[in-house]
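Chain order of the listed sequences is A, B and C. Quick note on our numbering: the first sequence kicks off at 1 and runs consecutively. Quick note on our numbering: the second sequence kicks off at 432 and runs consecutively. Quick note on our numbering: the third sequence kicks off at 1220 and runs consecutively.
Don't read these hints as lab results, they were simulated from the structure. Incorrect hints may have been included.
One side only, chain B facing chain C, incomplete, derived with CB under 7 Å [as the list claims (entries may be wrong)]:
{"#": "1", "residue": "814"}
{"#": "2", "residue": "1122"}
{"#": "3", "residue": "1155"}
{"#": "4", "residue": "1163"}
Each residue gets a CB set at the ideal place from its N, CA and C atoms; glycine is no exception.
Okay, here's what each chain looks like letter by letter:
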Amino acid sequence: MKPIKWAFGGALACLLGVGAFAGISYRSALPPIPPPAADGFPAELVAKGATLAAIGDCVVCHTADQGAAYAGGRALPTPFGTLYASNITPDAATGIGSWSLDAFKRAMRDGVGRDGSHLYPALPYDHYRRVHDGDLEAIYAFLMTRQPVSAPAKPNDMIFPLGFRPLLAGWKLMFLHQPEFQPVPGRDAQWNRGAYLVEGLGHCGGCHSPRNLAGAEEDGSSAYSGGVAEGWTAPALTAASRAPVPWTADSLYAYLRAGLDGRHGVAAGPMGPVVHGLSRAPEADVRAIAVYIASLSAPPGGAGQPADRPPAIDRADRAAQADPAGAALFAGACAGCHEAGAPMLTQGRPPLATATALQLDEPANALRAILNGIHPPAGAAGPAMPPFTASLTDAQAARIAAYLRTRFSDRPAWTDLEQAAAEIREEDTRQ
Amino acid sequence: MTGLPTRGAAAKDATRLSRRGFLAGGALVVSFALAPRAFAQLAGGGEGGAGPAVVAPELAGSLRTTPWLDAWIRIGADGRATVFTGKVELGQGIRTALLQVAAEELDMPPARITLVTADTDRTPDEGLTAGSHSMQDSGTAIRNAAANVRMLLAQEAARGWGVAADTVATGGDGMLRAADGRSLGYGDAAARLSLHVKAVPDAPLRDPAGYRTMGRDLPRIDIPAKLTGGAAYLHDLRLPGMLHARVVRGPSVGTRLREPDVAAVSRMPGVVGIVRRGAFLAVVAEREWTAVQALRHLQRAAYGRDAGTQPQEPLPAGGEGGGAGGGAEGGAEGGGPMSADAIAAALTALPARDIPIMDTRGPTGPAAHSVRARYVRPWISHGSIGPSCAVALFEGGAMTVWTHSQGPFDVHRVVAELVGLPPDKVRAIHAEGAGCYGQNGADDVAADAAVIAMATPGRPIRLQWMREQEFGWEPLGPGMMTQLEAALGADGRIVSWRHEVWSNPHNNRPVGAGGVLAGNEADPPFPVPEGKPIPMPEGDGSRNSNPLYSFANTHVVYHFIKDMPVRVSALRSLGAHLNVFSIESMLDELAAAANIDPLALRLAHMEDQRAREVMQRAADGFGWGSRPKGDGRRGCGMAFARYKNLGAYCAVALEVEVDRETGRVAIRRAVAAVDCGQPASPDGVRNQIEGALVQSFSWTSREGMRFAGDRRAGFDWSSYPILRFGDVPDAVEVLVMDRPGAPFLGTAEAAQGPTAAALANAIADATGIRLRDMPLSADRLKAALGPV
Amino acid sequence: MTVTLTINGAAHRLEVDPSTPLLYVLRGELALNGAKYGCGLGQCGACTVQIDGKAAFSCLTPVSALEGRQIRTVEGLGTAEAPGLLQAAFEAEQAAQCGYCIAGMIMRAQALLDRVAEPDEAQIRAHMQTNLCRCGTHMRILRAIRRAVAMRKEGRKEAQKGTRDAPAGTRQAAAEPVREARP
Ligand code: FES
Ligand code: FES
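Here chain A stands alone, though its shape is the one from the complex:
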């Protein structure tokens, strides 16, 4: 895991330059195979693949809203344009039915399709490189035994010139060097299992690590220090975390399994589906993930709990004085769930004082939760928040966010809130 520090002016220019080496960009097609019979795989292998696929959450990215599972079509907005997930059902014509195990492994590790074309790193092959061979085989067995669905790929919509896939070869040359996972000596088996899953299939860094200008994850000390996913802030998992109550392995486990923990906010945005996937993953694996992630925020050298932070803040009176209009909006729109005495709170759902969203430098998560709402993360039951996009103007959403910041945080006030709200709304109307 050697840190890549590459000094360059513009990532795009660099890509163009490197990509010009046609020889590097060329990858051969692998021969198609007749789709393997679904009963040709041992049941245990398929079952193992199923649990690994749950941790990788393949189904989330590769399933469109209300679409058939794994048949692709889900839009993935990136800073470089919109990608559409591919069909990974074993349909020979439109899915991966004609892919051999080798072709599958090459895609997962090198980001190259069976036909030799380069795949966008939205498929986190930089993480999948770390996955052991046997696990990839299991996932292959699992996917090849799904119901084949005929669903042709939707064309991507990338900014020029990134629609030209050979350029990706340059990207890979610079950023795709991750070795297979090796257990860290001196750490126990559970921690190592967690590390393997988080670094590999779980690809948590895909969202929670910052990315450079070329869209590659930063690693080393920057890893897990917070990133962006579909416009939401993916908070830091390291000691830089702004969670008002420190995370522990237990609270992480509860959160990853159920989408909430009494002392932390609720899984929202792209984290919702992740929790849904993990709610079906084996308990031991989710515990291992929690243990490893908890260790990321532990003070260096010291095991156990992260350093204590000041207790959660709730200064209702101060906030009401400073911002009576915000307080009135809150009382009418939010208090039914978020004020003391509300049924949610008497039933043990987390108070806003513990929500990380209100402590982050960026208001994105707070505003997105207000405007777009939160859908139950773990299936039909679970915390839900209605969208306020129809009832509140940008200015009003901004007013509420500002009020929340004043009331529940000591951090500096957010700026340009109304503009940020307008951008989120604009983005939604476009989709």
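Guided by the hints, dock chains B and C with the ligands onto chain A, whose structure is given.
Using the frame of chain A, we list chains B and C with the ligands on its own:
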């Protein structure tokens, strides 16, 4: 026309009340309103208080208890008719159906008839509106009373004209005609005679061949107001000087707030008063929003379990699945839904009284296939979309309560006992609420409002429960369990059938102050009465446990469990939901074991011709014979029951598609056939069956109260999710059998059980997996399907 | 505080606590019955109204957020005597049991019909997902919305042909400006 005393009328009523104590609907009414109330008939399926005594056993329906014609029908000088029923509109369309019945047998236009629903001062006491009894009780009474009135009118006209009575005809326009063309309006004829006479049993009914109103789809009279914001509900009642109240309680039954900050709240601007009586606490304000804010403030107080006011035993525990354990402390959701084992353990740990339901013996052939299975249902919420509401006014020593309870006559008795007034000083008037599907919070909130009104004389009190109060405090539909063991001979005949059912009473309808929360909270408390089973043939937990089929050696036992760890009462169809689910699942299990077509197995054991016809009709409509075979994803299932073996016949066939990745089940199409005797309004019947089918799909596939040790953990639609548009069937078709002139059979609950079983059977057909524990949820099906 | 609300085209000056959700003002101050209290949590849609054309939960919209905005309730669509398009379609399909959810259903559907000329079944179901019905009237509600779409289409055709005798309920709709789907 609206179902609600209009604002003006209500206000007028209120002022009249203040002047006269209560409004009598005319001197004649008193004669029956004061009739002795002894246990006499099973109005409402034996739930609730005893109705009035049978005084005319030779008559039909509720005429047996209220035989005077003018108690049911009055005709004004203008020829308009007023028809009275002791039943209430619950959204089932009963007002329209009864109107059609009256119009048909009076042979006059429905538009010239006004229907008055249950009002303890004006209408006959017909007990509860429950158990799909309205058409059987009230429809039958009105049908015969109307026929009596038409007969008397014709006789009167004939006398005047000096012709034979049987030469006088009616033509559907409210006119009587002689053969020579002379005519007389109903109003004129009625003015010459008294309708304060007893009905006779043999007044001629109209010939079904000539029906003008019945059997046709008269648009429901309550719908226009509901579509346009008219005053359609009790919730819309606004009386002069009305105040808004909220009742203050802990999160759910058996909890109590420790030290609510009453002092702070009573200082809030707009708060008019705080009402405390024993453990009962309510806040009263000028405006509703103030009352809500005051309530929220009081709810900040810590709560604890309270053994004093509620006979609560430790709640059943045992969630399954993803949750990280409950408790306000840990904070996560109260686990997953209760596991079936936990429900079974909770039920069987309680002492039970064994009630034999059925025991037949016959020569036993050898068993070729036998199946033993346990089926379980969790506690289910009524989940009314509109939390319960009531308006109460205490003035001039008399109390009036507007209630959407199914039992206004019980409310009247409960309130009298609770506030210490003689029953004749309490009047209960029904006004429509949101659908209740059994005993939800309606009775409790009516009692709450009355307690508050007693403390604020002269000011009408409007009280609506909050969403979480409805979930937390209403009586739930009981959790249940059955154990079946059945065997099939080599000849395809069922040679033995054993059915045991464990259940709490479903009949805890309040008949006194101890039956409502405010009564339990009084000091000293009115004790919660002991639950009692409803005897067969209606049954409660035992309802429909006796198969209508002819099986050899049938043995059915009801393990009646008196002690209730959870507050429970009637939920639409009572025990029939699980009993029919169990019977009809078992039939498919046997059919699968012996490789017999499920329909053929049913028909082979069914002697009742109408039952056979309903099954056949559903099968034909569905295309059962040519249905696709289960292929791992798609599959079909059917089920049948005659509700209570007394009411409507209903068969349901479904085609489902299973998403094997998620376990999600979609109903691709559903066909139901129903025989309810003569349908007053076929579209009304279709509406009821469609709704029951969709609702049962929701109950059966995803519902179940969660518990968190010290409280109910389902408190809103995110913690107690129900079916949404994204999951409703692609298509539902209801086929109504044509049975001209046949007696009415209760319909509203007939589809609950068959839908549940048809769903399980279709899933089994599709996947080979037999789910026996409700909810038949995506998670459970996925777990059973495994990764593949 | 004093707020001025524009409801169904008419301005109302009200003296209320600024935090008061619109629902309580509609029902308590203005005696408009259409919007219902179902949950007060934005989970059921019984309280749905249109705010600036979009379907919104009146139970969670404080009046202080509504100054200068257009509010439309089911009362604004028509009356029992002269029902609006959706009201007529719901009547024709007898799409109600208890009906408590129905005013909210109509208002949510109206927001869709205002935006999309001819929504298909999937669009209708997805759009209506927000609103709950406990009576199981879903199938009829869907039928009623489809019928309204068909009636409007029919009405438009009739209007183009210049026929004066449109079927009941469609006349009003045809007279309404029909906004087409956004690209
Ligand atoms: S009452 Fe507003 S969404 Fe339920
Ligand atoms: S019709 Fe009763 S809730 Fe929808």
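A quick look at each hint next to the structure:
1. 814: Since chain C brings a Cβ to about 5 Å from residue 814 of chain B, closer than 7 Å, the hint holds.
2. 1122: Holds, because the Cβ-Cβ distance from residue 1122 of chain B to chain C comes to roughly 4 Å (cut-off 7 Å).
3. 1155: Nearest chain C Cβ about 5 Å off; hint holds.
4. 1163: Check passed: Cβ of residue 1163 of chain B comes within 5 Å of chain C, closer than 7 Å.
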